[in-house]
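As a plain string of letters, each chain reads:
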Amino acid sequence: MHRQAALQRISRVVQKPLEAVLEWKERTGGKVMGCLSCMPFFAPEELVHAAGMLPVGIWGAEIPVSRADAKIQSFACSMARTSLEMGLSGMLGVCDGFLFPSTCDAFQNLSEIWRASMDAPCFEVVFPKQVSRPSAVSFLLHQLTSLQRDLEAFSGVTISPQALRRSCRLYNENRTQMRGLDHLRAKDVSLVTARQMAELVLASSYLPREEHTSLTRSLLPGAGQKETEIGVARKPESDRVRLLLSGVMPRPLAILPVLESAGAWIVGDDLGLGSLYYSLDIPDQGDPLADLAQAYLHYPLCSTVHRDAGERSESLLARARKAEAAGVVLFALKFCEPEFFDYPQVKERLESEGVPVLLLETELGTAETGSVRTRVEAFVESLRARTCDTARARS
Amino acid sequence: MAMTEKPSVDRRLRSYSKMREVMAIHYITAKNAVHNNQRVAWLTSGAPVEFLHAMDIIPVYPENHAAMCAAQRMALELQQAAEERGYSTDLCSYARTDFGQIATGKSPVMGLPKPDFLFACNNICTTVVKWYEVVSRVYQVPLFVLDMPFLHSGLEEPIVEYVARQMNEFVRFLEERTGRTFDRERFLAVLLKTMEAVRLWEEILDACIHRPSPMSCFDAFIHMGPIVALRGTQECIDYYRVLKEELLERIQQGIGAVPEERHRLLWDNLPIWFNLRELSEKLSEWKACLVAATYTSSWCGMMVPVESYQDMDLSLDTLFRELAKPYLTPFINRGFPERVRILKEMLARYNADGFLMHSDRSCKPYSLGQYVVRDLVTRETGIPGLVIEADMNDPRQYAEAPTLNRIQAYLESLAGR
Numbered sequence: 000m001h002r003q004a005a006l007q008r009i010s011r012v013v014q015k016p017l018e019a020v021l022e023w024k025e026r027t028g029g030k031v032m033g034c035l036s037c038m039p040f041f042a043p044e045e046l047v048h049a050a051g052m053l054p055v056g057i058w059g060a061e062i063p064v065s066r067a068d069a070k071i072q073s074f075a076c077s078m079a080r081t082s083l084e085m086g087l088s089g090m091l092g093v094c095d096g097f098l099f100p101s102t103c104d105a106f107q108n109l110s111e112i113w114r115a116s117m118d119a120p121c122f123e124v125v126f127p128k129q130v131s132r133p134s135a136v137s138f139l140l141h142q143l144t145s146l147q148r149d150l151e152a153f154s155g156v157t158i159s160p161q162a163l164r165r166s167c168r169l170y171n172e173n174r175t176q177m178r179g180l181d182h183l184r185a186k187d188v189s190l191v192t193a194r195q196m197a198e199l200v201l202a203s204s205y206l207p208r209e210e211h212t213s214l215t216r217s218l219l220p221g222a223g224q225k226e227t228e229i230g231v232a233r234k235p236e237s238d239r240v241r242l243l244l245s246g247v248m249p250r251p252l253a254i255l256p257v258l259e260s261a262g263a264w265i266v267g268d269d270l271g272l273g274s275l276y277y278s279l280d281i282p283d284q285g286d287p288l289a290d291l292a293q294a295y296l297h298y299p300l301c302s303t304v305h306r307d308a309g310e311r312s313e314s315l316l317a318r319a320r321k322a323e324a325a326g327v328v329l330f331a332l333k334f335c336e337p338e339f340f341d342y343p344q345v346k347e348r349l350e351s352e353g354v355p356v357l358l359l360e361t362e363l364g365t366a367e368t369g370s371v372r373t374r375v376e377a378f379v380e381s382l383r384a385r386t387c388d389t390a391r392a393r394s
Numbered sequence: 000m001a002m003t004e005k006p007s008v009d010r011r012l013r014s015y016s017k018m019r020e021v022m023a024i025h026y027i028t029a030k031n032a033v034h035n036n037q038r039v040a041w042l043t044s045g046a047p048v049e050f051l052h053a054m055d056i057i058p059v060y061p062e063n064h065a066a067m068c069a070a071q072r073m074a075l076e077l078q079q080a081a082e083e084r085g086y087s088t089d090l091c092s093y094a095r096t097d098f099g100q101i102a103t104g105k106s107p108v109m110g111l112p113k114p115d116f117l118f119a120c121n122n123i124c125t126t127v128v129k130w131y132e133v134v135s136r137v138y139q140v141p142l143f144v145l146d147m148p149f150l151h152s153g154l155e156e157p158i159v160e161y162v163a164r165q166m167n168e169f170v171r172f173l174e175e176r177t178g179r180t181f182d183r184e185r186f187l188a189v190l191l192k193t194m195e196a197v198r199l200w201e202e203i204l205d206a207c208i209h210r211p212s213p214m215s216c217f218d219a220f221i222h223m224g225p226i227v228a229l230r231g232t233q234e235c236i237d238y239y240r241v242l243k244e245e246l247l248e249r250i251q252q253g254i255g256a257v258p259e260e261r262h263r264l265l266w267d268n269l270p271i272w273f274n275l276r277e278l279s280e281k282l283s284e285w286k287a288c289l290v291a292a293t294y295t296s297s298w299c300g301m302m303v304p305v306e307s308y309q310d311m312d313l314s315l316d317t318l319f320r321e322l323a324k325p326y327l328t329p330f331i332n333r334g335f336p337e338r339v340r341i342l343k344e345m346l347a348r349y350n351a352d353g354f355l356m357h358s359d360r361s362c363k364p365y366s367l368g369q370y371v372v373r374d375l376v377t378r379e380t381g382i383p384g385l386v387i388e389a390d391m392n393d394p395r396q397y398a399e400a401p402t403l404n405r406i407q408a409y410l411e412s413l414a415g416r
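Sequence order for the protein chains is G and S.
Using numbering that gives the first Met the number 0, the first residue of the first sequence is number 0, and each one after it goes up by one.
Using numbering that gives the first Met the number 0, the first residue of the second sequence is number 0, and each one after it goes up by one.
Each hint should be verified, as a subset may be incorrect.
[Said to hold, decoys possible] When the alpha-carbon atoms are kept at most 25 Å apart in a straight line, the in silico SDA-like pairs for lysine to any residue are as follows:
(1) S/Lys343 <-> G/Ser116
(2) S/Lys113 <-> G/Arg164
(3) S/Lys324 <-> G/Leu140
(4) G/Lys346 <-> S/Met22
(5) S/Lys324 <-> G/Thr157
(6) G/Lys333 <-> G/Ser131
(7) S/Lys105 <-> S/Ile236
(8) G/Lys24 <-> G/Arg164
(9) S/Lys343 <-> G/Arg114
(10) G/Lys346 <-> S/Glu76
(11) G/Lys346 <-> S/Lys343
Everything labelled a hint here was simulated from the structure, so no lab data went into it.
With the sequences and hints as input, model every part of the structure.
Listed below in structure tokens is the structure:
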């Protein structure tokens, strides 16, 4: 596919995600499984896929909350609240069932609210919270086995190890392509914008994997592509301030162009809606279910999983150094406990090593970027000034 | 009959001063641990403390401490100290209170002693894992997370097995840190003490089945310190024997916690620690008594059939599996159908004619979805419930006057039924 056509398709999918899902459903007659958590990607998508279903991440929406107010309090994050609003207002009618992979207390209770409020079947999979001790391995394997049974009963499809292996490979191939693109964009600012990259990752939540992989391939530099086709006018690279993004998700996505137009160049991230998702493949070793479990246990750190209390700051610092980032922008949705508990010490640690951190607290459904713009511009300017000072001091 | 009571009766429990003494000794012991060559562990309110007692490690409860700070009107200042250091006002107010006392060393007991290690059990929330990660980085001490999966459905065998295996891992963790061997007999002895205390606590709470109720939940909230922080010790048992006697005496004399008790209400969630007295006085004035709470009852039912173990397999594995069950099943670790069942059962048991649900901004797993639970309970029992918005430790999140108006209107509607 032509690059521009691919970008248009991705944009369209992100704007009208459920339309793409409906297309698939009408074409295949298969069942759709809505996956709900602050990290919908934590749902074992490969397992859902192997049962002949389409796993669809429900990422909340830029909508006001009205019906959901009667069922979930205002101190839940906007991701949980707008997702419930979507469900209650019938926007998720395309989903045949819902899967809740455990992450945080808000989504844990959301699944209980969901069950009590809607007719579609709900499935929960509670993952071990600690992942460094042997007890976690057998428990996780049990949870996945039990989920497999539930999915089989729901879909009427028996998941053979071969089918699960095929699904794992399909998803691995998809992640490999996204990693490839991510790797290149850190070298070539003109390849994709930060927003395009985030939209690409988001689109994977709604599209059949084969199509998504092919779209990703279309964005990789190839024959006959001209860099002028990219829509954003850019300053010379040397002018740009290298930034690393962290957190669960940079939403609303409209924040990303704000960063870039302020003069930032996104050279890497550890976002949930980003490299966390595609950084690791399912191993191809023995029993595919055991391989799925291994992948979960070895995921790069997410703030919702406990491994080593000191790991987040150190890995972020290492990442920043490797990417030669001048600063880090940490995105957190208001009321996100895992992120806000981490933030002060992450900031302290990184800044003690000369890497400034800017926290951007955002909410879905209240798209207000004015104050964010001012803060981002000031942050990028201060980094630029520091970089110049450092360069001057060196010379 | 309640109506024959003398209105001049002093309704404060005599045992209160004794309780303060017991808790003061607890904090003094912890503060002196370092001078007595004893190790200190910070742990969460739902963690199986029995392991620590069996290894002579002094347990310290930041949650209990934070509540004490709020009751003595110090919590806000401490929370603000945490906020100045970057912690969001949207984070749990217990955690913020704790970060504030760590940063400033201020509290009614001049701060908590430094921990040698941390022990977090997420059977009450996931928040404690994040909270203890912060503390672990501050003090550079190890953190053991005992993972108790949330029970969306029933208590399944593999979950029990998982927790029992982790208890084995915890024993190794303790042995490595102390250089001592875990002693099964000592552990059993501690378990027996826990069960004795839990039994007494249940009897104390059940005294409120009596009409008029000899104490209210406000008393129970204040007197729950020992069952949270001292279970597994003789002091805890001794104290609750005294309290139980006093309640039985009151029942005999027909003394109720609330003069002319008219409404009997159930309370859901943590108390509003900084507003206990005010709310208690208002409800009393309106002749409403809180006769039970899902919160205080969370420390009931911790029954491990140790006595009958004399004739049974006494292996630690068996014991750990039995211990895992009560620790996995507190109210807050259960799905909504189970919460509804428990609420219905409590309404019936305590003869309550209504229930107040505290939507606690700081406690998402307890609060989120309470409106749904309330509606289910009302649909199945016909008993109306009221949800009030507040916070256990942060006075800025509580609008007292409008809330009292709503409670008063609710009580009037109950009276009209």
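A quick look at each hint next to the structure:
1. Between lysine 343 of chain S and serine 116 of chain G, the direct Cα distance comes to roughly 20 Å. Compliance with the 25 Å bound is thereby established for this hinted pair.
2. The suggested pairing of lysine 113 of chain S with arginine 164 of chain G is violated, with an alpha-carbon distance near 50 Å, which exceeds 25 Å.
3. Taking the CA atoms of lysine 324 of chain S and leucine 140 of chain G, the gap is about 21 Å. The hint holds against a cut of 25 Å.
4. Restraint check for lysine 346 of chain G and methionine 22 of chain S: not satisfied, since their Cα atoms lie roughly 38 Å apart, outside the 25 Å limit.
5. Between lysine 324 of chain S and threonine 157 of chain G, the direct Cα distance comes to roughly 33 Å. Violation of the 25 Å bound is thereby established for this hinted pair.
6. Simply put, lysine 333 of chain G and serine 131 of chain G have alpha-carbon atoms about 29 Å apart, too far for the 25 Å limit, and the pair is violated.
7. Under the criterion of a C-alpha separation no larger than 25 Å, the hint pairing lysine 105 of chain S with isoleucine 236 of chain S is inconsistent with the structure, at around 31 Å.
8. Annotation: proposed proximity of lysine 24 of chain G to arginine 164 of chain G holds, straight-line Cα distance about 23 Å (limit 25 Å).
9. Taken as a hint, the lysine 343 of chain S and arginine 114 of chain G pair is honoured in the structure, with Cα atoms around 19 Å apart against an allowance of 25 Å.
10. With a C-alpha separation of about 23 Å, the suggested pair lysine 346 of chain G and glutamate 76 of chain S falls inside the 25 Å cut-off, and the hint holds.
11. Simply put, lysine 346 of chain G and lysine 343 of chain S have alpha-carbon atoms about 47 Å apart, too far for the 25 Å limit, and the pair is violated.
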